[in-house]
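Chemist: Taken in order, these protein sequences are the chains called A and B. When the letters of the first sequence are read in order and numbered with full-length UniProt numbering, they come out as residues 1 to 82. When the letters of the second sequence are read in order and numbered with full-length UniProt numbering, they come out as residues 1 to 648.
None of these hints come from the bench; they were simulated from the model. Note that CB positions come from ideal geometry on N, CA and C, so glycine has one too. You may find that some hints are simply not true.
Said to hold, decoys possible - The calculated label-pair distances, taken between Cβ atoms and stated as ranges, are:
1. 453/B / 23/A: 31 to 41 Å
2. 96/B / 56/A: 52 to 62 Å
3. 488/B / 46/A: 34 to 44 Å
4. 54/A / 460/B: 37 to 47 Å
5. 67/A / 149/B: 42 to 52 Å
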Amino acid sequence: MARHSKLQKQVLSLYRQFLRAGQDKPGFIPRIRDEFRENARIKKTDVMHIEYLYRRAQRQLEQLKDVNTKQLGSFSKPEEKS
Amino acid sequence: RYKMCIQPLSKFQGSRNFHFSIYGKKKSAKISDDISTQYPVVDHEFDALVVGAGGAGLRAAFGLSEAGFNTACITKLFPTRSHTVAAQGGINAALGNMEEDDWRWHFYDTVKGSDWLGDQDAIHYMTEQAPAAVVELENFGMPFSRTEEGKIYQRAFGGQSLKYGKGGQAHRCCCVADRTGHSLLHTLYGRSLRYDTSYFVEYFALDLLMENGECKGVIALCMEDGSIHRFRAQNTVIATGGYGRAYFSCTSAHTSTGDGNAMVTRAGLPCQDLEFVQFHPTGIYGAGCLITEGCRGEGGILINSEGERFMERYAPNAKDLASRDVVSRSMTIEIREGRGVGPDKDHVYLQLHHLPPQQLATRLPGISETAMIFAGVDVTKEPIPVLPTVHYNMGGVPTNYKGQVITHADGADKVVPGLYACGEAACASVHGANRLGANSLLDLVVFGRACALTIAEEHKPGEKLSPLKASAGEESVANLDKLRFANGSLRTSEIRLNMQKTMQAHAAVFRTGSVLKEGCDKMDAIYGTLEDLKTFDRGIVWNTDLVETLELQNLMLNAVQTIHSAEQRKESRGAHAREDFKDRVDEYDYSKPLQGQEKTPYDEHWRKHTMSYVDPKTGKVTLKYRPVIDQSLDEQDCAHVPPAIRSY
Numbered sequence: 001m002a003r004h005s006k007l008q009k010q011v012l013s014l015y016r017q018f019l020r021a022g023q024d025k026p027g028f029i030p031r032i033r034d035e036f037r038e039n040a041r042i043k044k045t046d047v048m049h050i051e052y053l054y055r056r057a058q059r060q061l062e063q064l065k066d067v068n069t070k071q072l073g074s075f076s077k078p079e080e081k082s
Numbered sequence: 001r002y003k004m005c006i007q008p009l010s011k012f013q014g015s016r017n018f019h020f021s022i023y024g025k026k027k028s029a030k031i032s033d034d035i036s037t038q039y040p041v042v043d044h045e046f047d048a049l050v051v052g053a054g055g056a057g058l059r060a061a062f063g064l065s066e067a068g069f070n071t072a073c074i075t076k077l078f079p080t081r082s083h084t085v086a087a088q089g090g091i092n093a094a095l096g097n098m099e100e101d102d103w104r105w106h107f108y109d110t111v112k113g114s115d116w117l118g119d120q121d122a123i124h125y126m127t128e129q130a131p132a133a134v135v136e137l138e139n140f141g142m143p144f145s146r147t148e149e150g151k152i153y154q155r156a157f158g159g160q161s162l163k164y165g166k167g168g169q170a171h172r173c174c175c176v177a178d179r180t181g182h183s184l185l186h187t188l189y190g191r192s193l194r195y196d197t198s199y200f201v202e203y204f205a206l207d208l209l210m211e212n213g214e215c216k217g218v219i220a221l222c223m224e225d226g227s228i229h230r231f232r233a234q235n236t237v238i239a240t241g242g243y244g245r246a247y248f249s250c251t252s253a254h255t256s257t258g259d260g261n262a263m264v265t266r267a268g269l270p271c272q273d274l275e276f277v278q279f280h281p282t283g284i285y286g287a288g289c290l291i292t293e294g295c296r297g298e299g300g301i302l303i304n305s306e307g308e309r310f311m312e313r314y315a316p317n318a319k320d321l322a323s324r325d326v327v328s329r330s331m332t333i334e335i336r337e338g339r340g341v342g343p344d345k346d347h348v349y350l351q352l353h354h355l356p357p358q359q360l361a362t363r364l365p366g367i368s369e370t371a372m373i374f375a376g377v378d379v380t381k382e383p384i385p386v387l388p389t390v391h392y393n394m395g396g397v398p399t400n401y402k403g404q405v406i407t408h409a410d411g412a413d414k415v416v417p418g419l420y421a422c423g424e425a426a427c428a429s430v431h432g433a434n435r436l437g438a439n440s441l442l443d444l445v446v447f448g449r450a451c452a453l454t455i456a457e458e459h460k461p462g463e464k465l466s467p468l469k470a471s472a473g474e475e476s477v478a479n480l481d482k483l484r485f486a487n488g489s490l491r492t493s494e495i496r497l498n499m500q501k502t503m504q505a506h507a508a509v510f511r512t513g514s515v516l517k518e519g520c521d522k523m524d525a526i527y528g529t530l531e532d533l534k535t536f537d538r539g540i541v542w543n544t545d546l547v548e549t550l551e552l553q554n555l556m557l558n559a560v561q562t563i564h565s566a567e568q569r570k571e572s573r574g575a576h577a578r579e580d581f582k583d584r585v586d587e588y589d590y591s592k593p594l595q596g597q598e599k600t601p602y603d604e605h606w607r608k609h610t611m612s613y614v615d616p617k618t619g620k621v622t623l624k625y626r627p628v629i630d631q632s633l634d635e636q637d638c639a640h641v642p643p644a645i646r647s648y
């Protein structure tokens, strides 16, 4: 069975940290799941892209952990009639 | 490329089509599930917010943190890249290191410099606090230039005199060679790291969150990942700087786009005195880069094509160190009368080569380099080609002397709860119709600190926030979405260039009624072209096309107010010089003795502040007026200065 690479383990660990940090604040968990699922499509060889997202995620995690961040909402457009 | 979102053009008339929900809880099946049509909004709560991290913003931010408030500082630039860093001249303070000095003489000079449009209580506050403010900066570690005895070196600067104008040139501008702003900003930044302010760097503030006439926070766009952030706080301080970029040729950075003024305008609040735009006499011809007034303070002189020191004719006492508006006008007249230099005879020279090279190297190293790079001139041998260039905006968000934003209704000033302003974005008004050199850096630190002190006086850290509607900030997001997918025919850069050229041609140093009126009509038309905008980048991460377009919207609001206010003001005062109304129109004619004169009614004279409002949808400007505050804070200690004729 293919084991996870170092980078994959880091991303999984980051995912766990995010889920833990977002537990008590409404709205974060679904968004975290959506973003990670969306970006799971990136090829494993596209290391530059993955590392860029990883660095950015670390900054976002710091912000999430900050006591002043309270909730995540979203503004959405109603669906277009096509 | 992170995310390419190609969306069909959706026309949003207004803003009510956006739906806010806590992420994940969808209220209705009609809302799309697709991650790309949603704008995630992170909500933050603080005790105080500061928008802008220049001199005034940093001083307010760490002043608040020092007082125990949980503070956030939102800035679109890294703090040390704010435009304060480009300031060269110095900070005025009556320390008395070069000769005997008194802050009341500084008070007099500032009131006279403002052409009696400045609020004397705010000027009293600023000039009285000046020595303490400079000493505080020195204690923070700012590396001032020193005299032989080790005291802070003070140089001569425009408009500064001793003994209420009768004692000759005063030397009260404390400086750090010719890079005072750079030093100031780096000192303040270093100091701010000692406190626990949360910095949100590269977050573009979109709008104020207002409810029932009270400011409850700010909504901002994180440029790095495209997320929206709503910051809720009891107290918001605006310190976003000026809007030099509304003109084609200016000394300001590309980021000086008047964002704070525009946010306040969109919130339905007035801006004050926007028609007063300062043209700095010595901007390099062509490049527009600033050559500090400190050159003239060190002995530099302005000469015309005949090699004459022409300022002696226009300002016999102060000569080249007259107030900036006087010098700019004199230069423009010389050029118009045909005594300009160069192949097109359209600028004048600033001569420094008669000064000892050692003095130039110690006191003016930065401009020596600037002149070499941008004009190809060696200052020890040749003069620098200069032209009056847009440099500073005296007007801005109206505040009282404590830094609280005010509106004027039913004949009285009314404080807007929760909103404060300081720095170039504010109009306290210490500069009135014209700013003296080196008073701006002073304005930053004094009023930055004043905002923090006022907030500490009126509120306590950890106060419960008043409730805010869940969908607050919806219009801002709708506007953002509209601009992101804009598909008209004119690019942002084209509309911006049209606006800049129109402002430069129609609202310059000398203004005429018919030219201003033409300018107003052109600007109204250009405002209308914003509907026909085209942007190219549809992404949300680092979308500089979008950010530039937001900045253009902000600049446009500032520009229309500037030109309409200028067209309406039928007099010449300070930096606003009208060819068709050459005199100042006050309540009395101060060129004659007051005995027996009848007071002109308030509606007919012009010694009043302009308060301008804009309807953002149509671009229509409404003008109201507000009286000038003529009493100082303590008449016993420092009597107010009654109006008189202004000559140097």
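Chemist: Each hint: holds or not?
Modeler: Here is what the structure says about each hint:
1. 453/B / 23/A: 31 to 41 Å: holds, 40 Å
2. 96/B / 56/A: 52 to 62 Å: holds, 53 Å
3. 488/B / 46/A: 34 to 44 Å: holds, 36 Å
4. 54/A / 460/B: 37 to 47 Å: For residue 460/B against residue 54/A, whose Cβ atoms are near 41 Å apart, the range 37 to 47 Å holds.
5. 67/A / 149/B: 42 to 52 Å: holds, 50 Å
Of the hints listed earlier, there is not a single one the structure fails to meet.
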